[in-house]
Amino acid sequence: MPFQYEITPYEFGSWQGDFEAFTPTEWLGTELEDGIVVNKSACVQGFDKAR
Amino acid sequence: VEWIRPAQGLNPSEVKWVHGRKAVVLGNLAEYLHRLELKEFDVPSYLKAINHSEYKNVPSLGFAISGGGYASAYTGIGMMRALDDRLPPSVQQRTGGLLQSMLYQTGLSGGSWPTVSFLANGYPTVDEIIKIWKPDIVRPAAGESTVSAANSTSLFYDLAAKFKAGFPVTTADYFGRAWAYEFVPGPHGGVETTFSSFVDIPAFKNHQAPFPILHFSSIVPNDAPFYGLQIDNDNGTTVRKQSS
Chain A
1277 MPFQYEITPY EFGSWQGDFE AFTPTEWLGT ELEDGIVVNK SACVQGFDKA
1327 R
Chain B
241 VEWIRPAQGL NPSEVKWVHG RKAVVLGNLA EYLHRLELKE FDVPSYLKAI
291 NHSEYKNVPS LGFAISGGGY ASAYTGIGMM RALDDRLPPS VQQRTGGLLQ
341 SMLYQTGLSG GSWPTVSFLA NGYPTVDEII KIWKPDIVRP AAGESTVSAA
391 NSTSLFYDLA AKFKAGFPVT TADYFGRAWA YEFVPGPHGG VETTFSSFVD
441 IPAFKNHQAP FPILHFSSIV PNDAPFYGLQ IDNDNGTTVR KQSS
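If you read the sequences in order, they're chains A and B. For the first sequence, the numbering used here begins at 1277 and goes up steadily by one. For the second sequence, the numbering used here begins at 241 and goes up steadily by one.
Treat each hint with caution, since some may be false.
Said to hold, decoys possible - Some but not every residue of chain B turned toward chain A, in silico, with C-beta under 8 angstroms:
#1 Trp-243
#2 Arg-245
#3 Pro-246
#4 Asn-251
#5 Val-255
#6 Ala-420
#7 Pro-427
#8 Val-431
#9 Phe-438
#10 Ser-458
#11 Thr-478
If you are wondering where the hints come from, they were derived from the structure by calculation, not from laboratory data. Model, not experiment: these values are computed from the prediction. Where a beta carbon is used, it is the ideal one built from N, C-alpha and C, also for glycine.
Could you build the full structure based on these sequences and the hints that come with them?
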């Protein structure tokens, strides 16, 4: 079975499965490793185009 | 920034927003219930009973619009129209006002179109939004780029920009950009409009609209192809876990 995801203006993620976590919608696309930003000067904004 | 929040309870910003919305819902629900002139339900006592404990007992009402392209988008907004107290016939039918009492609005696929579009346009009435939408345009095959539609070359330029920024590009990006011209206001098909920026839209900030949630699923290896593309075929359920 596939996992279900949701996105709100605040966060993106899933209540299910291996994920069971959320990350801020505004910063989607930013590369994380073990929950930490890989490169602070390369944070991404604007990935969450509204469609 | 809390980069990873474990899925335990709701997002703290959402909790705060919900509190603000419930104050608004309480007022709207009071108006609605008074209008109904119910004979066997003590409205003042009920309102008194839910108007304490930080609105904890104000009902959390929500509605969902299913997937199904324009059919679900239009069926869904037909329901919204019937529940909207800004439409006199809906008030007359005693259903108008329930939209104003909703805490959440969710959508999936075609149902996400109204969920995004109403807020992006400042939560107008249904009769206003259908003048903005232009479903007669065949979006994946528009001939020329206008303010209402983009041709495929223009859409591929948008995709190329995403690819050049280092992100994988999928068919969903193409459709997303094409339909953004339909549902998202702003220059170049609302390309600069982000979902996170909705927190700055007055209708959201002032708690004058339900909280939007978009729902989606993922492809799994056994999903059957449709016109050569895999489509997520399974149903699923989301349970938003309250913190204990």
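Tested hints:
1. Trp-243: holds, 6 angstroms
2. Arg-245: holds, 5 angstroms
3. Pro-246: holds, 5 angstroms
4. Asn-251: holds, 5 angstroms
5. Val-255: With Cβ-Cβ at 10 angstroms, over 8 angstroms, it is violated.
6. Ala-420: holds, 4 angstroms
7. Pro-427: Violated - the Cβ of Pro-427 of chain B stays beyond 8 angstroms from chain A, reaching only about 13 angstroms at its closest.
8. Val-431: holds, 7 angstroms
9. Phe-438: holds, 4 angstroms
10. Ser-458: Where the cut-off is 8 angstroms and the nearest Cβ of chain A is about 4 angstroms from Ser-458 of chain B, the hint holds.
11. Thr-478: Since the shortest Cβ distance to chain A is 5 angstroms, the answer is holds.
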